[in-house]
Amino acid sequence: MSEPATLEVRGLRASVEGKEILRGIDLVVRQGEVHALMGPNGSGKSTLANVIMGRPGYEVTEGRILFKGEDITDLSPDERARRGLFLAMQYPVEVPGVSVVNFLRTAYRAVKGEEISALAFRKLLKERMALLGVDDAMVNRYVNQGFSGGEKKRNEILQLAVLEPEIAILDETDSGLDIDSLKQVATGIAQLVGPNLGVLLVTHYQRILNYITPDHVHVMMQGRIVRSGGKELAHELETKGYEELRRELGLEEQVGATT
Amino acid sequence: MTIATTTFDEEALGRLPAAPPFVEALRKQAFTEFLALPIPSQDTEEWRYTDLSGLELTFTPFAAGVRAENLDGVDEAILRAAGSVGERAGLQIQHNSEVAVSHLDPALAAKGVIFTDLDVAAREHPELVEPHLHALVPTSRTKFTALHGAFRTGGTFLYVPDGVVVEAPLQTLVWLDADGAAVFPHTLIVVGEDAEVTFIDRYASPDLERALSDAVVEIHTGPASRVRYVSIQEWGSGVIHLGVQRARLARDVDLRSVAVGFGASLARVESESVLAEPGASSEMLGVFFADGRQHFDHRTEQDHVAPACHSDLLYKGALRDESRAVYSGWVHVRPGARKTDAMQTSRNIVLSDRAKADAIPNLEIENNDVRCGHAASVGPVEEETLFYLQSRGIPRDEAERLIVFGFFQEVLDRIPVEEVREGVAEAIERELSR
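One line per chain: the protein sequences are E and R, in this order. The opening residue of the first sequence carries number 1 in this note's numbering; numbering runs sequentially from there. The opening residue of the second sequence carries number 260 in this note's numbering; numbering runs sequentially from there.
FYI, nobody ran anything at the bench for these hints, they're computed from the structure. Check the hints yourself; a few may be wrong.
Derived list of chain E stretches under chain R, where covered just means 3 residues or more per stretch with a C-beta under 8 Å from a C-beta of chain R [what the hints assert, rightly or not]: (1) 27-39; (2) 107-118.
Reference excerpt, derived from the structure (chain R facing chain E, CB under 7 Å, subset only) [unchecked claim]: (3) T291; (4) L294; (5) R307; (6) L338; (7) G422; (8) H569; (9) S611; (10) E642; (11) E643; (12) F646; (13) Y647; (14) G652; (15) G665; (16) F666; (17) Q668; (18) E669.
Here are a few chain E residues that sit away from chain R, every Cβ distance over 12 Å (derived from the structure) [claimed, not checked]: (19) V60; (20) D78; (21) E79; (22) E94; (23) G97.
These numbers were taken from a predicted model, which means no experiment stands behind them. Each residue gets a CB set at the ideal place from its N, CA and C atoms; glycine is no exception.
Bound-form chain E, shown alone (with noise of 0.2 Å):
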């Protein structure tokens, strides 16, 4: 296997409608690693998500992301999912009359850039769904559209599977879940972790780590990585809370502040 690909983010800032919400981060996620992104809410977790992925409205005010070696920040997101990134939502966006297969095959034939025929992608589609669970009615509604929180989810982690990115950030997708749906979307996650895979887990609850184990923790409050460490971290955070660790870390806690 050549060189896994790295997802770098250097001295990162970056605003939302004129307000800095991050304030120089720096991350590195190599392709076979699972970290986790946590952090109270407003911490800015979801900025970072979405900046990475280039959603419009989300300003770059210094630094820079790369991946594989590449400055990819003023990239449209097209571009980035083509080089091999990806982007769980965490609120999926309902798409009326485009069907979830329609939908995936027309994403797997942009990103793969090569055509599959209508029976050999059904194939292939087939297959994902059988090692998530998924089943055949959900792929024929239209894409998010009257679906459970937890279709929502599972049809991000479908797409994921799918199309097979080196770098997938998922953000938040443990929110919104019961107990039975989040063991679903997460043992979903767990099957596609390995070496030609690469996870940012972004999530507020130690919960989802219970099924994926992460190589690296790291928290983040006010815009910037405050700590990191190991899958200890995390358990560390669960007995502790945000707000000891604020308090250790002797930040003022912030009012007003967004994800």
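Start from chain E and add chain R according to the hints.
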């Protein structure tokens, strides 16, 4: 004030192919109306969105077509324009001002179905044509319907006797390739009691310098009949299309219509359903896609005269470049139309800053025991949705196409006949890939 010259004069009228006496009388009367009526002014409510004040009525009144013995004798390009719709019970092709060929499944002819050139029908079946021709759309309605009444040649007559069910769709293509010409497509449909039929009107041409399509569609329905009417307007640029479509729904009629508008430089189409007897149901779907400097003016009317009728309208349009589209719809509930259930929805996607769409719903309700609603929206493709698709590697322009196709899918999902659905989907794809 200058008197504009026109090619539509007495001499031109005299040169038209001879017609049966009742048609000649209609022509004469319509011509008088044409001379008397003004070009509709933007000062009137009905025409406020379309400016025809500068229109010179100097089109060739009659343009010959190439007649064919059968469908094999029709030009390849024309057959292609008819669309790759699957099985058809009949196909008629009008080339410019003349019907070139007309084909009907002999089994249906044996059951009494008539599908032919309106001029032929007027000669052979005057008892069926005379009471219905211009009964729903009087020639005196506007200067253009009067012009139509005076100069129409060709057209389609479809008659389905009581109780006869026509399974496969019938279609007429009007093909125009005579630059500078005026054509007057006329579709006259008469459906008997408890009969069933699907009919597709298709208008197509290459891009032209200048041409006029002045069209009339009249749909007469017998009690409890099921009628599906589809029109697909794919005129080339340069064509001005002015259409009036009016259907009268008898007791328990189920009428489903689809209007697809893609072509022409300027298209103004009025579509009207009159729910004249109890228990009738009218569905009106519309799909349009405007680009370049196209101007679309769609007006609809759901006229509830009788009690306990249902009508549902959904028009969806997309606009690109510097195009302009106006949708204005009326729901009328007359005093006696209690238990009316009427809905009207207009949705527009605007894909360019220079394009402009308006949606103007109007309700006029004169009975309290009704359920009526309307909804309208005009806006760009949501950035959220675009980002979602782009984050999956789909380039922005392709993402936009996919979203717009999905937007139209809601209408496609409601088209009951598969051949028709596929035909419309094909037309949308063609438009999107331009």
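Status of each hint after checking the structure:
no.: 1; hint: 27-39; in the structure: violated (count 0)
no.: 2; hint: 107-118; in the structure: holds (count 3)
no.: 3; hint: T291; in the structure: violated, 50 Å
no.: 4; hint: L294; in the structure: violated, 49 Å
no.: 5; hint: R307; in the structure: violated, 32 Å
no.: 6; hint: L338; in the structure: violated, 28 Å
no.: 7; hint: G422; in the structure: violated, 38 Å
no.: 8; hint: H569; in the structure: violated, 24 Å
no.: 9; hint: S611; in the structure: violated, 18 Å
no.: 10; hint: E642; in the structure: holds, 6 Å
no.: 11; hint: E643; in the structure: holds, 5 Å
no.: 12; hint: F646; in the structure: holds, 6 Å
no.: 13; hint: Y647; in the structure: holds, 4 Å
no.: 14; hint: G652; in the structure: holds, 4 Å
no.: 15; hint: G665; in the structure: holds, 3 Å
no.: 16; hint: F666; in the structure: holds, 6 Å
no.: 17; hint: Q668; in the structure: holds, 3 Å
no.: 18; hint: E669; in the structure: holds, 6 Å
no.: 19; hint: V60; in the structure: holds, 16 Å
no.: 20; hint: D78; in the structure: violated, 4 Å
no.: 21; hint: E79; in the structure: violated, 8 Å
no.: 22; hint: E94; in the structure: violated, 8 Å
no.: 23; hint: G97; in the structure: violated, 3 Å
Of the numbered hints given earlier, the model fails hints 1, 3, 4, 5, 6, 7, 8, 9, 20, 21, 22 and 23; all others are met.
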